[in-house]
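Undergrad: With the hints as constraints, model all of the structure from the sequences given.
UniProt numbering puts the last residue of the sequence shown at 371; the count rises by one with no breaks.
FYI, nobody ran anything at the bench for these hints, they're computed from the structure.
Since the structure is predicted, the reported quantities are computational estimates derived from the model, not experimental observations.
Hints may be right or wrong, so weigh each one.
As the list claims (entries may be wrong) - Keeping only pairs whose Cα atoms sit at most 25 Å apart, straight-line, the calculated SDA-like set for lysine to any residue is:
id, residue 1, residue 2
1, K52, L106
2, K193, A345
3, K52, N3
4, K193, E205
5, K317, Y358
6, K268, M245
7, K317, E341
Stated by the list, open to error - Derived DEER-like restraints, expressed as beta-carbon distance ranges:
id, residue 1, residue 2, range
8, Y358, M139, 57 to 65 Å
9, M296, R181, 17 to 25 Å
10, R181, Q354, 33 to 41 Å
11, I49, H99, 16 to 24 Å
12, F34, K158, 46 to 54 Å
13, E151, V103, 20 to 28 Å
14, Y358, L152, 39 to 47 Å
15, L152, F34, 39 to 47 Å
16, F34, V103, 24 to 32 Å
17, V103, A174, 55 to 63 Å
18, S75, E151, 36 to 44 Å
19, I68, K158, 49 to 57 Å
20, K149, S337, 50 to 58 Å
21, E151, I49, 20 to 28 Å
Just so it is clear, CB atoms sit at the ideal spot from N, CA and C, and this is done for glycine as well.
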Amino acid sequence: MANFLWRIIVLLSIWVMVLFDYWDVVIGEAGFMFLLGSFFLIYFIRPIIQQKLLSHILLLVTYLVIHISYLGVQSISAWFIYYFLLVEPSIFIKNKQGHYYIVLTLLISFFPYFFSGLNFLIVYHMIIVSLIAPSSWYMYNRLSDLNEKDELYNEMFKEYRALKRQAFEVEKSARAEERTRIARDMHDSVGHKLTALMMQLEILEHSVGDKEKKGIRQAKEMARDSLQETRKAVKVLQVDGVGGMSSVFQLIRKLESETHIRVHLTTKKGVLSAPLTNDQNVVIYRFIQESLTNAMRHAQSREVTVTLQILGDHTMKLEVANCVYDHVPFKEGFGLSGLRERFEAIEGTLIAHQINGYFYLTGTFPIREGR
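TA: In structure tokens form, the structure reads like this:
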């Protein structure tokens, strides 16, 4: 905006100088006022015109008509408009047509001399343009190189930020997965063993004398306290990790950034606020992971549709669809077999089928709010 304002100030200053020299000639001339208004109209709307070079030609032709019809070739001030239009593209034109602007301006600036013989003014004009034109050419090339380097730098900076963001997401996802794994291991191994230990101590308490019962009760209390601490630690790990639907979104972002697939994710009403247990969250995560992995391996299209919805406020439905052009016999592999076992463990079902050129993987399970 500041650059455009300075250009307007310089252009108006040149026009004031021209009008000062030719005031007696142009005063009261309706044709001159019309052409002058057209000149400024074209100049002001140039930024919004797609054909920039065409608008520059119209601007030059308009001033050429003004110059020949009303100003003549006897005053030096009339030529400064050409010099302005010769210098301006070298500084402010950022496309690859800047050289055409300079050449066209240079050629059109010599048209008025076809209407006059060789004189001092044409020699003066030739000297001036011989200085301005090469300078404008050099300046345009120099600024074009700087603009290309600036664009390249901006692109590299965007790539750097994208890679940095991707690295952060991957690291965050890895930490979350590690937290989830540790929490699950603590719950499955330490928690179960402490529970079994408490049961063994309970049995042992009924088979010993009163003297030994006190020590067994203390051991039971210690085991119970250890179990509570383990549960608290597991809960902290689960809270600090990504968990829940957030881990699903993160998984999709990660797979999209690392592979060629594009995921269209739809979450219907109630999905994000559904009361899910840790096991159910794990099943959703593994379902999305296995489905997208299969799509990467076997799908013949980059587009994959994922839909999550609640049926009747009591059932979660997960569906992934991807295009397959060839209808081949479907054979369930190890991954889907393991996924089916996970669904069955939470009283759910998993169905895979092909129809109308699409492969569908659909899983459902009842919503059970965990502690």
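Undergrad: For this structure, which hints from the list above don't hold up?
TA: The structure conflicts with no hint, since it agrees with every one listed earlier.
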